[in-house]
Amino acid sequence: MMKRDKKEEEEGGANPFYNLEKSSVLQEARTFNETPINTRKCCHILTKILYLINQGEHIGTMEATETFFAMTKLFQSKDLTLRRMVYLCIKEMAYIAEDVIIVTSCLTKDMTGREDQFRAPAIRALCRITDTTMLQSIERYMKQAIVDKVHSVSSAALTSSLHLAKTSPDVVKRWVNEAQEAVNSDNIMVQHHALGLLYHIRKNDKLAVTKLVNKYTRHSLKSPYAYCLLIRIACKLLEEDNAGPMFEFIESCLRHKSEMVIYEAAHAIVNMKNTTAKELAPAVSVLQLFCSSPKPTLRFAAVRTLNKVAMKHPAAVTACNLDLENLITDVNRSIATLAITTLLKTGSESSVDRLMKQISSFMSEISDEFKIVVVQAIRSLCLKFPRKHSIMMTFLSSMLRDEGGFEYKRAIVDTIIGILEENSEAKEAGLAHLCEFIEDCEHTVLATRILHLLGKEGPRTPQPAKYIRFIYNRVILEDAPVRAAAVSALAKFGAHCDELLPSIMVLLQRVQLDMDDEVRDRATFYLNILAQHQKALNSAFILNSLQVSIVGLERALHHYTMEPTETPFDLKSVPLATQPLQELSKPIMEASSGPKSTEKAAASRQDVYAEQLASVPELANLGPLFKSSSLPVELTESETEYMVRCIKHTFPHHLVFQFDCTNTLNDQVLENVTVQMENTDDFEVIRSVPAASLVYEKPGTTYTLVRLPEDPTQVTTTFTCTLKFIVKDCDPNTGEADEEGYEDEYVLEDLEVTVSDHVQKVVKPNFAASWEEVGASNELEDTYALASMKSIDEAVKSIIQFMGLQACERSDKVPDDKSSHTLYLAGVFRGGHDVLVRAKLAFSEGVTMQITVRSTDAYASEVLASAVG
Amino acid sequence: MGFLSAFASWLGMKKKDVNVVVLGLDNSGKTTIITKLKPAEARTQDIVPTVGFNVEKFQTKALAFTAFDMSGQGRYRNLWEHYYRECHGVIFVIDSSDKLRMMVAKDELTLMLENADIKMKRIPILFFANKMDVRDSLSSVKCSNMLELEKIRDKPWHICNSNALTGEGLEEGINWLTDQVKDILTQKKK
Numbered sequence: 001m002m003k004r005d006k007k008e009e010e011e012g013g014a015n016p017f018y019n020l021e022k023s024s025v026l027q028e029a030r031t032f033n034e035t036p037i038n039t040r041k042c043c044h045i046l047t048k049i050l051y052l053i054n055q056g057e058h059i060g061t062m063e064a065t066e067t068f069f070a071m072t073k074l075f076q077s078k079d080l081t082l083r084r085m086v087y088l089c090i091k092e093m094a095y096i097a098e099d100v101i102i103v104t105s106c107l108t109k110d111m112t113g114r115e116d117q118f119r120a121p122a123i124r125a126l127c128r129i130t131d132t133t134m135l136q137s138i139e140r141y142m143k144q145a146i147v148d149k150v151h152s153v154s155s156a157a158l159t160s161s162l163h164l165a166k167t168s169p170d171v172v173k174r175w176v177n178e179a180q181e182a183v184n185s186d187n188i189m190v191q192h193h194a195l196g197l198l199y200h201i202r203k204n205d206k207l208a209v210t211k212l213v214n215k216y217t218r219h220s221l222k223s224p225y226a227y228c229l230l231i232r233i234a235c236k237l238l239e240e241d242n243a244g245p246m247f248e249f250i251e252s253c254l255r256h257k258s259e260m261v262i263y264e265a266a267h268a269i270v271n272m273k274n275t276t277a278k279e280l281a282p283a284v285s286v287l288q289l290f291c292s293s294p295k296p297t298l299r300f301a302a303v304r305t306l307n308k309v310a311m312k313h314p315a316a317v318t319a320c321n322l323d324l325e326n327l328i329t330d331v332n333r334s335i336a337t338l339a340i341t342t343l344l345k346t347g348s349e350s351s352v353d354r355l356m357k358q359i360s361s362f363m364s365e366i367s368d369e370f371k372i373v374v375v376q377a378i379r380s381l382c383l384k385f386p387r388k389h390s391i392m393m394t395f396l397s398s399m400l401r402d403e404g405g406f407e408y409k410r411a412i413v414d415t416i417i418g419i420l421e422e423n424s425e426a427k428e429a430g431l432a433h434l435c436e437f438i439e440d441c442e443h444t445v446l447a448t449r450i451l452h453l454l455g456k457e458g459p460r461t462p463q464p465a466k467y468i469r470f471i472y473n474r475v476i477l478e479d480a481p482v483r484a485a486a487v488s489a490l491a492k493f494g495a496h497c498d499e500l501l502p503s504i505m506v507l508l509q510r511v512q513l514d515m516d517d518e519v520r521d522r523a524t525f526y527l528n529i530l531a532q533h534q535k536a537l538n539s540a541f542i543l544n545s546l547q548v549s550i551v552g553l554e555r556a557l558h559h560y561t562m563e564p565t566e567t568p569f570d571l572k573s574v575p576l577a578t579q580p581l582q583e584l585s586k587p588i589m590e591a592s593s594g595p596k597s598t599e600k601a602a603a604s605r606q607d608v609y610a611e612q613l614a615s616v617p618e619l620a621n622l623g624p625l626f627k628s629s630s631l632p633v634e635l636t637e638s639e640t641e642y643m644v645r646c647i648k649h650t651f652p653h654h655l656v657f658q659f660d661c662t663n664t665l666n667d668q669v670l671e672n673v674t675v676q677m678e679n680t681d682d683f684e685v686i687r688s689v690p691a692a693s694l695v696y697e698k699p700g701t702t703y704t705l706v707r708l709p710e711d712p713t714q715v716t717t718t719f720t721c722t723l724k725f726i727v728k729d730c731d732p733n734t735g736e737a738d739e740e741g742y743e744d745e746y747v748l749e750d751l752e753v754t755v756s757d758h759v760q761k762v763v764k765p766n767f768a769a770s771w772e773e774v775g776a777s778n779e780l781e782d783t784y785a786l787a788s789m790k791s792i793d794e795a796v797k798s799i800i801q802f803m804g805l806q807a808c809e810r811s812d813k814v815p816d817d818k819s820s821h822t823l824y825l826a827g828v829f830r831g832g833h834d835v836l837v838r839a840k841l842a843f844s845e846g847v848t849m850q851i852t853v854r855s856t857d858a859y860a861s862e863v864l865a866s867a868v869g
Numbered sequence: 001m002g003f004l005s006a007f008a009s010w011l012g013m014k015k016k017d018v019n020v021v022v023l024g025l026d027n028s029g030k031t032t033i034i035t036k037l038k039p040a041e042a043r044t045q046d047i048v049p050t051v052g053f054n055v056e057k058f059q060t061k062a063l064a065f066t067a068f069d070m071s072g073q074g075r076y077r078n079l080w081e082h083y084y085r086e087c088h089g090v091i092f093v094i095d096s097s098d099k100l101r102m103m104v105a106k107d108e109l110t111l112m113l114e115n116a117d118i119k120m121k122r123i124p125i126l127f128f129a130n131k132m133d134v135r136d137s138l139s140s141v142k143c144s145n146m147l148e149l150e151k152i153r154d155k156p157w158h159i160c161n162s163n164a165l166t167g168e169g170l171e172e173g174i175n176w177l178t179d180q181v182k183d184i185l186t187q188k189k190k
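Residue numbers (the UniProt record's numbering), protein chains in the order written: chain A, 1 to 869; chain B, 1 to 190.
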């Protein structure tokens, strides 16, 4: 016997349905037509059908209908098991087979019949097959079933009503009286379901929901489930507006006798958007009690919630530290992990060592998901206590060496990279760990990423030579993408460190014999550039990467190939990549998946604008779009009659102002809407493109085209703006407008054009090289005293904002304790001229700044140098 | 089949199970007739238009009938055919007071007789000219003329007047059907 079992297991025979075939099962289903019915056999076949459907097997409409009708014949059997199998099958096949309403009468009979075992499942099956048109005919039975004295029937009717409400809300709404009666049931499940239905019916009527909650908070419900639901409803109400009694109710639930309700209330309070520490305290103390509960589920729930709270209010959780410490040794690993990570978030610097030791003792026993939680906790810890980085680094590197999936490894690599970017002291240790990791790394994505990082950071360390071996090993051992990345990294060492150049040249010459095209191409390219020994070339083609937006480049190249011309392709006509780095550095710390999406969205945003503008005929032929301002400027107060926001688009010789207008009056239609702009300087308004009509709450867009002055140094000005339009009154309900209208205008706030509108941010990964590349030919230098600035940090922020340039080399982060700082800024001026700014700042009762501007264009230097003034 | 039931059928105690389909236009009284045929304690009180079909069981002296009581409404009539294959007999109910729709009933009857599952089989068809209590209702002879029942030659058929509300005439019809089905079953055995 034992032997046979073992053999079956090996064949995967533990599952008797393992080798089922659809066609043979459907063939078998013909047995249903036989008389008399073989109950046991039919049950077995129904099980097989259910199994097939649940495995995702596709059953055609014809086959399904045939099987379904055969199955309907089983209604002649009174066998309990068989009938319930039939109900299940009806529900599964309801959307596959045709004419399933054929069983309506049978099910109606069962649901009103004497056999209680049939009634609840019959209701569920019936509601599944019924559509809105048929619902009328069973409405009477449903109403009766909701208030039925058998609990299972009542519950089934209530939950089925909830499902029906999705398709035919109007019919279900009529059952509100029955639902109300069912809430008074003494069965806990019926009460819960009835309250759910009642809430669902009234969901859109806020006043009614408030009344509902008020009513049931006063006379207490019996069912803890219903209580939990009530807490959730109350929470939703609280989210919409702060109603005092709701919060009191939730707080009072903390003293309920059921643990479920207490937890739900605590969970609700903790998850509210803006809770004060005082409101939080009772909830946290309840969770604290749960931490020492004998039930593992309660402990898990409590520690998980505390873990979440620790992100927002670490101080509030500190009180529970003692209880959490006890949980570290919990037999349940999930509880222990969560407890430790919570402690890591709340703990003090002194306890870090002990906790890390504790984690490493059972790191091998927990699953990857929890390991990632631990890694993230370590990351936030490193930001909090930068001095502890050496312990963390050793810990992370030992984790890197362990077994683990891709997600896990990526989380670790992300964390290490994050730490060494934030903390320059950790840089060398971190790079060493990563070097060791790529020696044996099966994930191409991670390997290429680390190689890129090595190329960027390695050359600037005291001993760049020691990384060469690790990188060149990759060229010998790995597959093509990694080899290519390694070649790029090698070239960067060659470009940056003169003493290594000869050896790098030798290595690259060897790579020229590589089998892969891409690797060989890269090697040849880099070798030839390095052979020139020119700093400018090195900087432009090796150390700094492509500055244009990839999407834009693709489109421009496609355009160029479609219309062949004599002139060579000009890279300057491609829009530059917008660098959302400022916003980007924050999400990196919180979640590793976040920044990717924002980067992608921001990169294509400008391309979207370019496409929009190109579709307006009046604005064609302005040349390539140079820059669009990132945040729209509000030209009206919010919540006024008309809302206008402006986005500035910069072209080589023109500015286009895009006004997004919204009409918030439902009894007016605006037509022929334009924005009239006037100014005193040499900016010339050429034309405006009106928005044909503005209907209530539907945004419209009008454009105004302005030519820039001849004098290239004149870039800033102020426009006074007026919204002009024809008003027509209209019926708020139908939206039909009167024939007659009258002209009107609306004064908007002034619109400023600043230097930053003419400059696009660009990242220069190697600022020093670029600085040499541009050269001193157009250098301007000046010194300013910025008396109003309170700190260097503040000065740095406002300079960046004013000039609209990108801070390089992480120079926008000012160390706390220093009284002087050098800020490096890079960008491209309108027309495609590189601009680099070096600002030396010193603090002593106000900030003194010495600014040096270099540019490929003399006027650009002048504009930038005078920008701060 | 368990041992006990096998033993019972050997003794001839257990009645033979047979399937019949109950057809006819809507509001002709199919469900009412079937309900009347059931024992008094198993009857349901209110009778509403059938949606789809109902399965009912009733017994006569010699046979245990399982009746598939089909819905007569227009949109469900095309679903009748799914139940022809396994049936031993057909009960066709006519509303004898509804002269206007007699032609519709005839069309449905022809359609049924043309069906592949019915056409080749020799199965008895019992017609009930129902609602004989209504004034101006047609007699069974008139009904059979209007439906041209004499054209059915390959199947045994029988028509009788009935009043499902009181149960009048039902017994006569069902007894005929029982005899016919029994004959066919015994012929098959030989």
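Since the hints were made in silico from the structure, they are not lab data. Mixed in with the good hints, there may be bad ones.
As the list claims (entries may be wrong) - One side only, chain A facing chain B, incomplete, derived with CB under 8 Å:
1. Thr-35
2. Asp-99
3. Thr-104
4. Ser-105
Just so you know, even glycine gets a beta-carbon here, dropped at the ideal spot from N, CA and C.
Going down the list of hints, with the structure as the test:
1. Thr-35: 5 Å, holds
2. Asp-99: 6 Å, holds
3. Thr-104: Interface hint status for A:Thr-104: holds (4 Å vs cutoff 8 Å).
4. Ser-105: 5 Å, holds
This entry satisfies every hint, going by the numbered hints stated previously.
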